[in-house]
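Asks: For reference, the chains in residue letters:
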Amino acid sequence: MNISRSIRFLSSLLPMIAFAPALAQQASPAVTPPAFPVAPAQAPASPAIVTPPPAPIPPLSTAQERWLNEWLRTGATQGLMARAKATKDLSGEALIAATLDRAKALGTGRVDTADFLQVWALRPARIDPRPAFARAVQEDRLPQWAGQLTPPYAGYDTLRKGLAIYEGIRDSGGWKTLGADSKPDAVRARLAIEDKSGAAGESLAVAIQRAQRRYGLNPTGQLDARTLKELNVPVEERIGAIMANMERWRWMPRNLPENRVQVNIAAAVLTVFEGDRAVTSMRAVTGSPDNATPMLSSNIHSIVVNPPWNVPASIARRELFPKGRATLARQGYKIVKTEGGGERIVQPAGPNSALGRLKFDFNNNFAVYLHDTPSRAKFSSYDRLASHGCVRLEKPVPLAELMVAGDPALAGNIQSLIDEGKTQRVSLPREVAVYLLYWTAFASHNGTMNFRSDPYGWDKLLAQKIENSSRRVDPTAAPSPAIALKD
Amino acid sequence: MRKLALAALTGALVLSACGKKEEEEQPRVANELVEPPVENVIIEEPDAPLPPPVENVVTPPPPAPPPTIDEQQQIDDDAAATGMTTRIDREGEASQSADEPSGTGQ
Chain A
0 MNISRSIRFL SSLLPMIAFA PALAQQASPA VTPPAFPVAP AQAPASPAIV
50 TPPPAPIPPL STAQERWLNE WLRTGATQGL MARAKATKDL SGEALIAATL
100 DRAKALGTGR VDTADFLQVW ALRPARIDPR PAFARAVQED RLPQWAGQLT
150 PPYAGYDTLR KGLAIYEGIR DSGGWKTLGA DSKPDAVRAR LAIEDKSGAA
200 GESLAVAIQR AQRRYGLNPT GQLDARTLKE LNVPVEERIG AIMANMERWR
250 WMPRNLPENR VQVNIAAAVL TVFEGDRAVT SMRAVTGSPD NATPMLSSNI
300 HSIVVNPPWN VPASIARREL FPKGRATLAR QGYKIVKTEG GGERIVQPAG
350 PNSALGRLKF DFNNNFAVYL HDTPSRAKFS SYDRLASHGC VRLEKPVPLA
400 ELMVAGDPAL AGNIQSLIDE GKTQRVSLPR EVAVYLLYWT AFASHNGTMN
450 FRSDPYGWDK LLAQKIENSS RRVDPTAAPS PAIALKD
Chain B
0 MRKLALAALT GALVLSACGK KEEEEQPRVA NELVEPPVEN VIIEEPDAPL
50 PPPVENVVTP PPPAPPPTID EQQQIDDDAA ATGMTTRIDR EGEASQSADE
100 PSGTGQ
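From first to last, the protein sequence lines stand for chains A and B.
All the letters of the first sequence, read from the start, carry residue numbers 0 to 486 under numbering that gives the first Met the number 0.
All the letters of the second sequence, read from the start, carry residue numbers 0 to 105 under numbering that gives the first Met the number 0.
Note that these hints are calculated values from the structure, not bench results.
Any given hint could be a false lead.
[To be verified] Taking lysine to any residue and the SDA-like style, the derived pairs with C-alpha atoms no more than 20 Å apart in a straight line are:
hint, chain 1, residue 1, chain 2, residue 2
1, A, K160, B, I68
2, A, K394, B, E70
3, A, K160, B, Q73
4, A, K175, A, R225
5, A, K333, A, N309
6, A, K182, B, I68
7, A, K394, B, D75
8, A, K175, A, R129
9, A, K195, B, P66
10, A, K333, A, R343
11, A, K84, A, R471
12, A, K421, A, N351
13, A, K377, B, P65
14, A, K377, B, Q73
15, A, K333, A, A315
16, A, K336, A, R316
17, A, K84, A, P58
18, A, K160, B, P66
19, A, K459, A, K195
20, A, K322, A, N362
21, A, K394, B, I74
22, A, K394, B, I68
23, A, K195, A, A385
24, A, K182, A, A204
25, A, K160, B, R86
26, A, K228, A, K160
27, A, K195, A, A185
28, A, K394, B, Q72
29, A, K394, B, R86
30, A, K394, B, D88
31, A, K394, B, A63
32, A, K464, A, R82
33, A, K336, A, P321
[As the list claims (entries may be wrong)] For the chain B half of the interface with chain A, some residues (derived, Cβ under 10 Å), not all of them:
hint, residue
34, P64
35, P66
36, D69
37, D75
38, D77
39, A78
40, A79
Every residue gets a Cβ at the ideal spot worked out from N, C-alpha and C, and that includes glycine.
This is chain A alone, in the form it adopts within the complex (with noise of 0.2 Å):
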């Protein structure tokens, strides 16, 4: 990592970012009005003290009726539903109830937040596309209304693309499973389907290792039994995956701060963002299946230097006071008496805490941070999904000295504020935005499909939602047997 650079980077990050909540609450900078209210993206709902009236819609053209039927039937292409069925054109109030179900779904989601995991904590801004749509319809600007309802980010552009290329590969027949004893042919032929980007001569063991990366497997070259697996994953399960994750999207705010830390959970990455382009990254370690790291945005307002680790009290039960006291003070815990006159288990802080010499602190309802690990070998291993839920970090003391490179105090210290030994709290000279998640499914620059197994079973789980909230609202989705499979 050029640290130079970074700090370069905070200098003229950290300005941006104590700006960030506030950008976060902006509208769209470009000329042609927001199509509908931009709100706080984690902002609670305020208190609705006087309704106003709904917008009256002014009456709607035939041709803005035809061009709004015929916008009604890409509910397909922007992953709303698994396949479309060929409806009658509708008109007045039912084209309007269904024009504005569309554009909240494309706006913030298809799911209802009510429908959401407590751990899916990224919620979507709340929205009224009503007025927007008025607006539209008396200044006859339907398309540009429509197209600015998706979020604007070329993360979900490119799986829309995806989506369109695996509906495609699904029509043509899908594709052959393979097995040990496939014949390189085969293979290479498979290989073919997603990824278009193999050089004239290319050795079979190069594809496969690049097949390998798109899949986070370790790039050994050789069609190993997980290679296997992950070729051999139907292609309507790629495409639940693809729908679930522009899904996801919708749930993203509009206005992302520019300058952010961002950690996909299932890849287990974590990224450093300078406006919308990465100046640094590493990798991660994140909860495991049975302790699964929740999806949230929040802000890193301070990093614990040394820090003890109070352990949580339900991993002090299942985990720690089974293995005796006599244990637990051999190695190095301490047990301390609570006011309510329980019991709590604390590591101090040292070499071998649990959360090694950095903490990384925001505010959250789930007790968890990033932080640093004496546990270094995890981070060389293709399977990252190991913690109780926080994010260990594989370089915690660079990231340290990004995020407080802006205060002259502070800036180049980190490592001798570890070495002091002390324990203390440094606060951060300006706030970073930080966003935990969970991405399956993303294209990489050059459009090709990247797959993450689905290590919660969260794909599944929204795609089977998706499903569910089109059938029941959407009067141009069509049932999908292969998604109702996914139960």
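Since the structure of chain A is already known, use the hints to place chain B on it.
Replies: For chain B alone, coordinates are given in the frame of chain A:
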């Protein structure tokens, strides 16, 4: 008496010759008895572990050296994995009215 002795000698020679003939044929019979199992083994040869070399045969590719990924490439890959957040300009994508032919529905 002499005739009797001559006849006995002749008979003994005949018996002796038969006996010798029997002894000579014994190994040949034994060989024939052994041969069928040998033929059976030959019949089972298609299951032998070494198939003839064929073009496009099932052989695992040799271990490949790990791919060389420079730091910037790794950062870009990780950025794609954590969310490709490059902003898209929707203005250029939709600058028509409902009266114009549209690309929706395709």
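Asks: Are A:K322 and A:N362 close enough, with their CA atoms no more than 20 Å apart?
Replies: Measuring from Cα to Cα gives roughly 32 Å; hence the hint is violated.
Asks: Check the hint pairing A:K464 with A:R82 against an upper bound of 20 Å on the C-alpha distance.
Replies: Holds, at about 15 Å.
Asks: Under the criterion that the straight-line Cα-Cα distance not exceed 20 Å, is the pair A:K160, B:Q73 satisfied?
Replies: Violated - the C-alpha atoms of B:Q73 and A:K160 are around 23 Å apart, more than 20 Å.
Asks: Going straight from one Cα to the other, do A:K394 and B:Q72 come out at no more than 20 Å?
Replies: 18 Å, holds
Asks: Does B:I68 sit within 20 Å of A:K160, going by the straight-line distance between their CA atoms?
Replies: 26 Å, violated
Asks: Quick one, is the B:D69 hint okay against chain A at 10 Å, beta carbons?
Replies: Constraint on B:D69 not satisfied, violated at 12 Å.
Asks: When you check the alpha-carbon spacing of A:K182 and A:A204, does it fall within 20 Å?
Replies: 13 Å, holds
Asks: Given the hint that A:K394 pairs with B:R86, does the C-alpha gap stay at or below 20 Å?
Replies: 28 Å, violated
Asks: Between the alpha carbons of A:K394 and B:D88, is the straight-line distance 20 Å or under?
Replies: 35 Å, violated
Asks: Is it true that the CA of A:K195 sits at most 20 Å from the CA of A:A185?
Replies: 15 Å, holds
Asks: Mind checking the alpha carbons of A:K160 and B:R86 for me, to see if they're no more than 20 Å apart?
Replies: Holds, because 16 Å separates the two Cα atoms, which is no more than 20 Å.
Asks: Can the restraint linking A:K195 and A:A385 be considered satisfied, given a maximum Cα separation of 20 Å?
Replies: 34 Å, violated
Hint compliance for this structure: hints 1, 3, 6, 8, 17, 18, 19, 20, 23, 26, 29, 30, 31 and 36 are broken, all remaining hints hold.
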